[in-house]
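**Q** Here is what each chain is made of, one letter per residue.
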Amino acid sequence: MEQIIVNGVVLAANYALIALGLTLIFGILSFLNFAHGQMYMLGGFVVYYVYAIFGMNYFVALLACALTLFVIGVAFETLFFRRVLRITTREENSMLLAVGTALLLENLALTLFGEKQRGVPPVVTGVYQIFGAYLPASRLLVLVLSALLVIGLLLFVQYTKPGRAMRAVAQDKEVTLLMGVNVGRISALGFGIGAALAGLAGGLLVTTSAINSGIGTAISIKAFIMIMIGGAGVVAGAILGGIVLGFTEAIGYALIPGSVTYLLIFVGLIIFLIIRPQGIMGKPWG
Amino acid sequence: MSATSRLITTVALAVGAAAIGLAGPATAQDNVLKVGVLGVMSGPAASWGLVNRYSAEATAQMYNEQGGVEIDGEKYQIEIVSIDDKNDPKLAVSGAERLIHQEGINYIIGPNVDTTAASIVPVVEAGGAINIPYAFSKQLYTPPRSNSVLGMIASYQAAPIIYEYLQEERGAATVSFIARNESDPLNQRDEGVAAAQELGLEVVSSEDTYEPGTTDFFPVMSKVVSANPDLIVLSGVAPADAPLLIRTARELGYQGILSTETAQDIGILNEVAGEFADGFISVGGASTPEIRSDYMEEFIERYNEVAGEWNDEAGTKVYALEMILMTLQQAGNDALENIEAYKAAMDGFSVKNPFLEEDQQLTYVGTNYFDQKRQIGVPMVVNEVQGGEFKTLFVGSVE
Amino acid sequence: MRQTMPASDLGWGQLGLTAARLAGLALLALVYLVALPVWFAGSNYILGVLTNASILSFISLGVWVTFAIGRINISQGAFALIGGYTAAILSTRHGVSFWLCLPLAGLVAAAVGTIIGIAILRLRGVYFAMITLSLTEAVRLAFLNGGAFTQGASGIVNIPRPDALEIFGLTIIPAFRGADPLPYYFLAATLLILGLLAVWRLTTSRLGWVFRSMRQNEELAASIGINVAKYRVIAYGFSCFLGGVGGAFFAAFHQNIYPATYSVTDSVNFMLYCFLGGLDFVFGPVVGAFLLVISFELLHDLQQYQALIYGILMISCILWLPNGILSLTFRRGQAPEGEEEAAAPVPDPSGKPRGSPT
Amino acid sequence: MSLLEVQQLTRRFGGLVAVNGVDFAVNEGEILAVIGPNGAGKSTLFKLITAFLRPSSGRVVFQGEVISALKPHVVARKGVVRTFQETTIFREMTALQNVVVAHHLRTRASSLGIFFNFPTARADEAGFRESAAEILDYLGLGAVKDAQARGLPHGYLRALGIALAMAAEPKVLLLDEPFSGMNPEETDRAVRMVQGIRDRGVTVLLVEHDMSAVMRISDRIVVLNFGTKIAEGTPAQIRQNDAVIEAYLGSEDEAL
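Residue numbers (the working numbering), protein chains in the order written: chain A, 1 to 286; chain B, 1 to 399; chain C, 1 to 358; chain D, 1 to 256.
Hints were generated in silico from the structure; no laboratory data involved. For each residue, glycine too, the CB sits at the ideal point set by N, CA and C. No false leads were slipped in.
Label-pair distances were calculated between CB atoms; the ranges are:
#1 F13(D) x Q158(A): 22 to 28 Å
#2 Q158(A) x E389(B): 49 to 55 Å
#3 G184(A) x E389(B): 52 to 58 Å
#4 H94(C) x D347(B): 35 to 41 Å
#5 R12(D) x Q129(A): 51 to 57 Å
Just chain A, with the same shape it has in the complex:
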């Protein structure tokens, strides 16, 4: 029982972190970033090379990973996303761009990094026991760092100028334009931060779960589930979604046959969305 709770907490933190970047981008650009999982994967590889291969400090690696993905995100927004949105006749077409990018990044990674699974030596070692439940230091570290990131982002969007601008853009582009905010810059910034968060998720989880160039799609799907539960485009919703999925999985695996668990999760999700299309805290129709 204790173990289930601990598992749930750790999982919830991981998942919230995975969903964060996706929901941020969706909130600001109402663009579903299919390449989210691939960005997660890239983040993992950056940490793998900087930390495991070049043997630098883990936190340096995390920083490098955040910066790399931030640049990728900004570049994507300015070079690809804007262009397509400008010349497209139907906004659905942005979905095509999303899928195309995911495919490109994945194949790029396969060519650059190869097909092998990659993991990094543990940053911290040892296993703690809390009320009879096992909690390895490595997972505790991930837990703490994700929690910090989540809080950090919440503070950022609440209290900083660009953060508030992002919230404004998410609420209503036109009005924000009138308010004289440079929506273009905010969008780019938002995309960059979203990508960086995806990368950081990968960079953190590579220490406990390793990565390979093909892991992206599976991650994206998980992230989609979570933002759908929590309500797309709402940062708090993503965290909530992560908590819900994390505990459902932890409890499900503990009580029912594994193969049925995810079937039930998906069926549950569908029914939930039918009843409440905007998720727990989302605004209708995104």
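Given the coordinates of chain A, assemble chains B, C and D onto it according to the supplied hints.
**A** Chains B, C and D alone, transformed into the frame defined by chain A:
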């Protein structure tokens, strides 16, 4: 010109042009022996197909530098044509047709999973080709099927032997199974469960599975470990997941034995699981240091040049091309075009295993399982990880 | 071409069958049904690829129809899987003829789709996309856990090839033998042409215009008395029917079906074909599917760079032609189905610059 | 006798009450205007009557039948048809196509009939095309019927919106702010248009901001403020009504 007519011509031109472009190269010229590799070379399972390809390319290079493979006194340069099927039956079928009909290839290595392997059966039969799948489904190899040759030890062959060893040597009495929630691993789990019950092991749990792309195995492993069995079997585990499962189990305080019936990679095990991997039991090919021959050493070097880095999965996959070539040498050069000659040669085929130090015969096996010799007699090398290296526990074999 | 039509023409005839267009299509059909098979008669491979492309187009046509009502549909893989299993179970266990399985598979898929559709079609935009994506996963897992009925992980193998189609003792279609690809090619081609005609008719008839009106503004459509819910379900059910039939074809073509035969990736691909061809053109999914399938095959020679180049090609396609390859064939600023704005400048009643409220 | 009755209609959004126990009746063949300052609950009332919103309590009765629980398209079929504020039309169609699609309610052919283009379907289409052309001409859109709707100037779009509603053969036509954002000439044209529609035997219920226009065309006026009805009567009566004057002076814009 009206919009629609323009549209129609565009479509027509596009299709026509592309289709003609497909016509591709002519069929095999003389003194070149083309061998196909068909498998998944992208996506999460990319390593399965890529290792097949790199192994084949490495072996081919080694032969070609000797002037090619000699069959009936004539030397043939070996050319490897590989195709990525993305584990998609549609692509596997067109891939097989391309290899057989465009490239004029009669010998194909792969594919990697039941879905694709089953889908190309009609194609290889109609096209008169032999293929060497790395999928375990028995239907592929039992009559009326006769064109597919299992390339490695199947889980249902390794399982009983490994379990029996653990039962007798390590006193394992209770066992739990955990599998990835996909066709091949689930089938292998079911076969493992059957084997365990056969041996009178108590199966504690077998219902636990995990999804592809799981980032945290704690929840599912917690359940498995909580029953504290003597042995936990990772059924059909991908090299990608094995180290994570091992590490998780140990971190949850599991003290018992962990084993699998599939080939693993020591590099990944060390990278991800570190010292936790110690005592992990898996099936290897010819790659474990203390049994490999100089020829195998040479192959490993070559493989590293081709692939950039060694992968122990190649330890079992090294056999496919070598086997094809050696069988062709015995069957004679009419087997190049006519696989019946090849099939005929399979029954009596026997040579010294070039990859092993000790003197051991390499033959086609599988009669006990498929009622015909439709499996490469890869020695079943059972390893245990010790201090970041595979140590051979024992070498078994399949009849 | 609109200029050549009487001013009162609705332009609904755009894809209707006028003589000139009929000729063009006949030519295309001729190339497709006669020239290609004759040209490549020797090559199982090319015929196989064309067969794949044809049925993939056929399945994607359904997705295209759901795009017509303004829904991004990522569930088509699920219905291909349902169709495939229907055919597999009927033929292997109850010895039902393939020629009966084919439509039945479509109907079962359509029935399931209709029931689910009633519930989920209220969702729009990304939310609908996501719920359909979840549906694909749910259906896959359901078949994986289906126990004896679906034979779970071991899938259903040795599905019989299409048998002879006989009516009153006389053989309409001989049984398919061996892996001879020609019969499959012709079956696929016929299906695609029928599918195209159906979708074509659907979109050019007033139903198509009802769909279009719903895509452009569901509230307005409801306000003029269109039963939006009903037509949404019709469109989705139709889409699922195509998916089911396609799945049944592949089941018989590959003679096996596994839960993994169609995954999210397939559902996404069906959607991609529509996008790449162009959402505004009935031919969109066909062009998209043929181009993607064939270009992937052509790139085999690039070996390890195949996947990469494939990705780069796709991205550049998206960047230069986000409205689909077929948008090339129409001038900029043209509306769906290639209608053109009236040549005559519009007199402004207030004599003031456009859209300047006082 | 009254064709449409609004009875004790109330709609709450969370805490605030947008429409509060509103009562009034629309008589056959009249032009009734509902006016009120911003946020008086006009649009909510409008949505409630056409069943685009469900009332929290109270009901809407049309020809002795409760319609507030039905689906919007059913209400339209019964003959209560609305237009939308501003320029809500099918942008990717020509004006003519817009109106022909709007004839949907008159369809006699079944979906299959339409699919296989049976004679009934062809007859429908021919008929729709004729009547659509007629409606467009009547509303002065004849010249632009083959133009893409999205390209039409503002004044025309409003008229096209009304044409769409007319195509549905309404018994009661609800116009949502038909005169907003129009200059005097445009307003004159619009006023004549609405009167013409009434003369064709269509009862008109309009929600409007622009007092001058309302005063000119309405037979009766209902005034809302903060969701409650504060006055009802002829334009003359309303002009004298203190509560109304109070409400409007209290609110910034409209002067009488």
